[in-house]
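So the protein lines, in turn, are chains A and C. For the first sequence, numbering that gives the first Met the number 0 gives the first residue as 0, with consecutive numbering after it. For the second sequence, numbering that gives the first Met the number 0 gives the first residue as 0, with consecutive numbering after it.
Since the hints were derived computationally from the structure, they do not count as laboratory data. Some hints could be false.
[What the hints assert, rightly or not] Using 27 Å as the maximum straight-line C-alpha spacing, the simulated DSSO-like pairs for lysine-lysine come out as follows:
#, chain 1, residue 1, chain 2, residue 2
1, A, Lys132, C, Lys132
2, C, Lys261, A, Lys12
3, C, Lys12, A, Lys261
[Unchecked claim] Per the computed footprint, the stretches of chain A lying under chain C, defined by three or more beta-carbons under 8 Å from a beta-carbon of chain C, are:
#, stretch
4, 29-40
5, 117-130
[Unchecked claim] Here are a few chain C residues that sit away from chain A, every Cβ distance over 10 Å (derived from the structure):
#, residue
6, Ala22
7, Ala116
8, Glu238
9, Val312
Glycine included, each C-beta is placed from N, C-alpha and C at the ideal position.
Spelled out, the chains give:
2 protein chains.
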Amino acid sequence: MLVGDLGEEALLKELRSLFAAAAPDVPVGIGDDAAVIEVPPGTQGVWSTDLLVESIHFERGWQTPRQLGHKCLAVNLSDLASMGATPRFALLSIACPRDTLFDYLTEFCYGFRDLAAKENICVIGGDTTGSAKGLIISVTAGGNVPMGASILRSGAAVGDTILVSGYLGGAAGGLRMMLDGNEEKFPEILNSLREPWPRIDIGKTAREQGATSMTDISDGLASDLRHICEESSVGANIELNLLPVSAEFERACQYYGWDREKMILTGGEDYELLFTLPGGKVKDLQKEIKKRSAVPLTAIGEIMPLDFGIRLVDSDGGSRALTDHGFNHFLTNE
Amino acid sequence: MLVGDLGEEALLKELRSLFAAAAPDVPVGIGDDAAVIEVPPGTQGVWSTDLLVESIHFERGWQTPRQLGHKCLAVNLSDLASMGATPRFALLSIACPRDTLFDYLTEFCYGFRDLAAKENICVIGGDTTGSAKGLIISVTAGGNVPMGASILRSGAAVGDTILVSGYLGGAAGGLRMMLDGNEEKFPEILNSLREPWPRIDIGKTAREQGATSMTDISDGLASDLRHICEESSVGANIELNLLPVSAEFERACQYYGWDREKMILTGGEDYELLFTLPGGKVKDLQKEIKKRSAVPLTAIGEIMPLDFGIRLVDSDGGSRALTDHGFNHFLTNE
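Generate coordinates for the entire structure from the input sequences, incorporating the hints supplied.
What follows is the structure, encoded as structure tokens:
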């Protein structure tokens, strides 16, 4: 069955029943002109939005529709996680050509819904429509954070330790494998691209334990670290040897002959958290995270004065400026 | 200058400076991973989203980019207005081909920003990216309403008067004129399509004065009235003679030989408010609205028991079932 044959009203009905969910802080969910939500007293709302376009951000062959649904929600939740917020709400809009398989869309929605259910997110609204070409997904996510407690990019102070969750470079490796048509090996790396997990609990714990600045790694470590340094008016010193990579990523680098350093430093879409914390608090936080999660938390460097710049200590002890190559979504479809 | 030559980072910077706005309830606006907002104590949040796709919802030739920017925000604010809410926040995502003129985008954003400024809306976030074909706009709008006071589609009671703001059929007439290439006459009607105004003040006043159900007319009167009747488990009796149309619309109907009745009943995109109110309160509300606005408020019929159905009294006194023709965005690009 194609979406165009089913019609918009029937599709909307399906999606509504799929996402119908009662929650005490959602007095009015999907189905009216707008949703009504409640924010706990003493908290502030935290909101973010992303637009994901087929053949710009993804190709359908790169992942199952279920994984794509998961990912479209995950990248938004990651933005809230990086504020130290608790995500609660999502709005999902889908534009697709009329020859899209209805089963593809429902599988997509299952993936979206499964992550929503796991992270206690209520889908409160959305829109469906046709598109001239390709699948287009817009997700807006909302949540809350205790009054005045959100962790911005601008709070890093000289002497703070720089930490990162999880492993770097995996999504870049997965993308490389998809583009080169190498799918037979290294499933963990492929999964970093296909099914990233938002680090919600780590973000909240980091906030509670005194993180001074935070962002998620969507554009690549170098790029996202630069955002923190610019907003905080500081420099940074990163040690290449400390950057966490998975054993599988190391093997894949050797196997395919990838530029390991470039992938780790400038590969995007890892959706790990990058944050700063006063040095004295690092061990306690690492202990706390270890109790709750298998995701490692690694100290990778130190915040320096602004005039130090953003520098990288090489594996041979040499120091050089850390440059990034900004990602441009207007160029990727060439 | 084309968007593709400018690059994503430069475009983002432009948009950020354009939408940078301080507001006491927006402690963190555009520029971090997510925005932080405050909702007044004793209120609930109200949120809605729309996805607008070139060649499905609009053609660039139908209006200036400024009008398009205005409209993309207006249709979202209209959803909040129809809950009786006060809109406060908007997130704007834009996907466009790399050969889009940068001036086109900035003009679009001026239109969006001008309506935002006029209605006291703070643009708190968004996204920009490329698209394979055509302009794609996603807008999410948020606001607030006093605790438990939002006006749903489900509250209409037998005996309530049915009211509508403004005039009907104008946007359908404007669309007809665009499709037929007739632009030389009837500027008011063209404007109903090009630059609809959200009825925020009327929605709030209707809520304060006891409206029992409300929606906005986006799909056409017949369709949107059916939504209220279905959600409220009631019927309705509408009098064709009472339906408000502008003098210019009457003239255009005669001039072009349009099917007047069909346009009034099933023409979408008027973004007027359709609501119900206990009969005894109608005169007071009309008096109150007249003090504040030139937009007329017209009683067009009465809520009836469910088994009455949804019926229309013709101009010759005959009564018949009011049928609607659902709009299907998957069919319009054929």
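Self-check item: Given hint Lys132/C paired with Lys132/A - CA-CA distance at most 27 Å
Solution: The hint holds at about 6 Å.
Quiz item: Are all beta-carbon distances from Val312/C to chain A longer than 10 Å?
Solution: Given a closest Cβ separation of 27 Å, the condition holds.
Quiz item: Is the hinted pair Lys12/C and Lys261/A satisfied, with a Cα-Cα distance of at most 27 Å?
Solution: holds (26 Å)
Quiz item: Against chain C, does the stretch 29-40 of chain A show at least 3 residues with beta-carbon separation below 8 Å?
Solution: holds (count 10)
Self-check item: Check on Ala116/C being off the interface with chain A, judged by Cβ distance over 10 Å
Solution: holds (20 Å)
Quiz item: Is it the case that Glu238/C keeps its Cβ farther than 10 Å from each residue Cβ in chain A?
Solution: At roughly 25 Å from the nearest Cβ of chain A, Glu238/C sits farther out than 10 Å, so the non-interface label holds.
Practice problem: Say whether it holds or is violated: Ala22/C keeps its Cβ farther than 10 Å from all Cβ of chain A. | Solution: holds (13 Å)
Quiz item: Holds or violated: the stretch 117-130 of chain A covered by chain C, criterion of 3 or more residues with Cβ-Cβ distance under 8 Å?
Solution: holds (count 8)
Quiz prompt | Hint consistency between Lys261/C and Lys12/A [alpha-carbon to alpha-carbon, up to 27 Å] | solution = holds (26 Å)
Every hint, counting from the list given before, is met by this structure.
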